[in-house]
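Novice: With chain A held as given, fit chains B and C onto it using these hints.
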Amino acid sequence: MPRRMLRLVRYLFLSGYSAFSLLPFAWMLSAALKRPQDVLTVPIRWIPPVWRPQNFLQALLEPRFAGENLARFMANSLLVAVATTGASIVLSTIVGYGFAKFRFRHRDTLLWVMLSTTLLPFSSVIIPLFLIIRDLRLVDSLWALVVPFALTGQSIFLARQFTVTIPNELIDAGRVDGAGEMQIFIRLVFPLLGPAIVTVGIMTLLMSWNLFLWPLVVLSSQENFTLPLGLSLMGLGSTFLVDYHLWMAAATLAVLLPLMMFLLLERQYMRGLEALSGLKG
Amino acid sequence: MEVETRTLGSAWGSAVAAALVIAALTIALAGGWAQAAPAQTLEIWVHEFPPLQDALSKKWIPEFQTAHPGVRVKVTAIPFAGVVAYDAKLLSALSSGAGPDLWDMGDWHYKVFMDNKFLAPLDPTIFGYASARDMIDAYVPGTTSIFERDGNLYGLFSEYNTLALFYNLDMFNAAGVAPLSADTPVSWRMIADMAKKLTKHDSAGKLTQIGYRFGFFANFRSPQWYAQDFYALMRQYGQPDLTVDGKPAVTTKPVTDAFKLMYDFTWSDKVYDPSFPANWFADLPQGRVAMLLAGTWFVPAMIPHNPNVHFGVAPHPVVDPGNRSTYHNVEWSWGWSINANKPQAAQRLAQQFLAAILGKKGETDQAVWWFKTVGYTHPKKAFYQSTGYQQELVKNPWLRTWENAFTTYKIDYVTHNFDEVGQALIRAIDRVVYDQTQPADTARLLQAELQRLLGTK
Amino acid sequence: MGRVRLAYQTKFGLLFISPAALYFAAFWIFPVALAAVTSLTDWRIGSPPHFVGLLNYVNLATDPQFHHAMLASLTITGLALVCIVGLALGLAVALHDPSLRLSSLFKLAVFIPVVTDWVATGLVWQLIFLPNQGVLAGLLDGLGLARWSALRWTASRQLAPLAVAIFIVWKMTGFYAMVYLAGLKSVPREVQEAARVDGASPAQTLWRISMPLLRPITVFVVVSGFVGVIGLFEPIFMLTGGGPADATRALPIFLYENFFQFQRAGYASAAGMLFLLMSLGFALVAARQLQYSFYD
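Chains as they are written, first to last, in my numbering: chain A, 2 to 282; chain B, 16 to 472; chain C, 8 to 303.
So that you can see chain A by itself, here it is in the shape it has in the complex (with noise of 0.2 Å):
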């Protein structure tokens, strides 16, 4: 097969794949741009005929959610993600520390069998779930979003596999010199967990600010929604308004933050990826 026949093959499906993944995107951005009528023309225009940019700000601002506007749940959703990833950071490096550095009988089992509840269907578990939330009386409040995405399967093992490559003899360095095992692991282990912290804390920023369907859920006060939620709300079958114009402005603003954080991180995510699907690297 010729060289260059089979180059070209590549960037055609490359390219052709990249287009369909950028698309919608593209159209998004440019509908948020646009005056409500010129959102859905046939022929598509790319290039706004008028520009709207005050749509992101009337996205942003207009209290049309019973009072509250989209700013609003920006605010929970980052309170909800800053919140749920300091707690994951310190919980999975102390986890992660556990399983990585101590013996113990049924260790790898039981971090296998942790790391399989990563692959169930969060949905199938969430109606004990609520029951449970509900009885604690924590429906419709933030911590109910924080508090059981504090720590996952995904978190720890990444934890541990970052935390295996810290050489022992540091660590018995520090039983020699008498030190406690909680002081070992925050003064000497901790330390030198930068990536995987970074890691543990990309990831479950972008997880937290993602969800769905455990705050629709749980809450019922629209002054306790988070973006996605928020959004939700808008979109053909939820509602009687047809503002495509701020919908796409709204789902533009709501993207911005994952793209952002990708795009600075992206080194530490996907070493993330790469220890979660299981490889040494």
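Hints in this document: simulated from the structure, not taken from any laboratory.
Just to be clear, a hint being listed does not mean it is correct.
Only pairs whose alpha carbons sit at most 20 Å apart, straight line, appear in this in silico EDC-like list of lysine to aspartate or glutamate [as the list claims (entries may be wrong)]:
hint : chain 1 : residue 1 : chain 2 : residue 2
1    : B       : Lys-221   : A       : Asp-39
2    : B       : Lys-73    : A       : Glu-69
3    : B       : Lys-73    : A       : Glu-224
4    : B       : Lys-285   : B       : Asp-208
Restraint ranges, calculated between C-beta atoms of paired labels, are given here [stated by the list, open to error]:
hint : chain 1 : residue 1 : chain 2 : residue 2 : range
5    : C       : Pro-56    : B       : Gln-453   : 36 to 44 Å
6    : B       : Lys-262   : A       : Ala-20    : 52 to 60 Å
7    : A       : Pro-54    : B       : Thr-402   : 47 to 55 Å
8    : A       : Val-10    : C       : Leu-21    : 51 to 59 Å
9    : A       : Pro-44    : C       : Ala-32    : 52 to 60 Å
By construction, the Cβ of each residue, glycine as well, lies at the ideal position given by its N, Cα and C atoms.
Specialist: Positioned in the frame of chain A, the structure of chains B and C alone reads:
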């Protein structure tokens, strides 16, 4: 994986980690603290309906808060169409002892909620009445039955309504269709024929305006509206409910005829398109839909953004205008109710709020305001006799059509909309209007589903 | 190491992992137990529960709605998975070339849908699939295929599962492409070099050497992809809400409706248990594959 022990350096690493933890904890704590409640809070839930939401947040709540310093009233609006329902949230919250202090809900919930003792009886004295009987008598006889149990009222009207046909006069004129009579209903066949002239496509064959819209269109698929549109038809064809003697009976002629009408409108006459998405209150005035059925609140919702609309109101179409037994229409109510599981102080506040927005004995200003601004009617005898209402009748002659419906038609509540039977009906209708399933086939499938549902209860 | 050492390690090891044990108990073991118990009752929210044994399971087995849910789930998942695995592998192979220009840009383009959320992108895809006026309709019009632009993607029983599957494929393929890419990269250079030296063409190297080594990853992708897709609620919720009729009323929607809309806690819990057991089987297989690949 390579060993990267010095990537961040020990001091830098700890500092970042510590900062993150502290920040997270601080923000979380601050967030929790900020959610602490002020002196006394009254929590209200309403279904998503901007005129109602605005009525509360712009008029009634500020007035109440001024009259009761130290009280903060919070209203939450919850969408009630789609897979996630206001109803589900309500039931779920109330059954766990939580939920709002005061809320509005559709008539279809009252039996279950009363059975479960979620509702507090309204205190007649707070409303200025001597007794519950006195309060009930203030309303048109029979209308409050849905809220009554053992002599008490467990809810009071937010809205009481029936359906009338609204149509765009300008579109009619442009298409050369004569305006409809405001007194005599026309047949569905006539509606379909008129709608054909009012349905237009552009040069590319795309739909630009449709003649008729059922209430369950692309972006507002509400079980309440599926049921309302269907039950009226089914009753006009001669069957009062989906069940007869407690047994599912949907393969009967009346029910299949009702499906057939929807089928014909969508696929034979092509005057209805369920996928034509748009804005319910904007489409008719802006010339995308020529006719639809709605309640009195349609006008105040439509006018503010479209003050120049020329519309007409006709009675609900019937199967056979010459046969009075086909004159059936539906009624529905939305009622305000109070949470029986909240502390007495909260309940009392809720009752006071309700008395403030609905009016005490003899007061009609509130009812008149609700009618003028939102289009909601409260069937209070005093309201119909009030000068405010009489003035509205003079200003809006179309109101006569709506008023007459109560005497011209046999009006009943719908029995199933949000429950499983209602969902099965929705699926049956979807099969017809989206999938072009034949009426007999969809009826057969519905029969099987209902037999399952009602057999396993 | 002596026995003392092991006891010491055990004590502190367990101490350090205790948060995980707590979490696991609170958010997996206890809920599953609760679901199991609830599934044996006829509990409806608002009424007292009664023990009914396996009645819910029997009813589920004969419930056409549940059958529709399974069918919808399998249809959507099957369609999506076939495309995801094929595309992901193809993308990984295409990207796995050191001489590829713009490779980081391609990788970014491919991966971006993965980091965004289902709702925001769902809003966009609603408008993409809108008949006659939507983006897809516009593109088809532009290509001269106007007849196709009237297709009711989300409103037709035949096309709705496909529409949902397309959305899912668009969103998730990038993730699995990167997994495959990592796998391809982990094929030791020496092996590839040896194959080249022996005269094997790049295609042969790929087929004979790399692919067999990728088997564990493929199993992982297929199995975790299956569980991941079948458990998705958001794409269906955003695009069709389960309709029209039952075309896309998949298991997560079925669970959600039965519990939150019809308040049938017992029945929904039984369905949830079945769903969980089915996924558990698949998840264990996938995790075992992972176990093969990691070692101390």
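Novice: All hints, please: hold or fail.
Specialist: Against the structure, the hints come out as follows:
1. As the CA atoms of Lys-221 (chain B) and Asp-39 (chain A) are separated by approximately 16 Å, the hinted pair is consistent with the 20 Å bound.
2. Only pairs whose Cα atoms come within 20 Å are accepted, and Lys-73 (chain B) paired with Glu-69 (chain A) is accepted, the gap being roughly 14 Å.
3. Between Lys-73 (chain B) and Glu-224 (chain A) the alpha-carbon distance is near 18 Å, which keeps this suggested pair within the 20 Å criterion.
4. A distance of roughly 10 Å separates the Cα atoms of Lys-285 (chain B) and Asp-208 (chain B); the hinted pair therefore holds under the 20 Å criterion.
5. At roughly 42 Å, the beta-carbon separation of Pro-56 (chain C) and Gln-453 (chain B) lies within the given 36 to 44 Å, and the hint holds.
6. Taken as a hint, the range 52 to 60 Å holds for the pair Lys-262 (chain B) and Ala-20 (chain A), whose Cβ atoms sit roughly 57 Å apart.
7. Checked against the hint of 47 to 55 Å, the C-beta distance between Pro-54 (chain A) and Thr-402 (chain B) comes to roughly 51 Å, which is consistent with it.
8. Against the hinted window of 51 to 59 Å, the Cβ-Cβ separation of Val-10 (chain A) and Leu-21 (chain C) comes to about 55 Å, which satisfies the hint.
9. Between Pro-44 (chain A) and Ala-32 (chain C) the beta carbons are some 58 Å apart, a value that agrees with the proposed interval 52 to 60 Å.
Checked against the numbered hints above, the structure breaks none of them.
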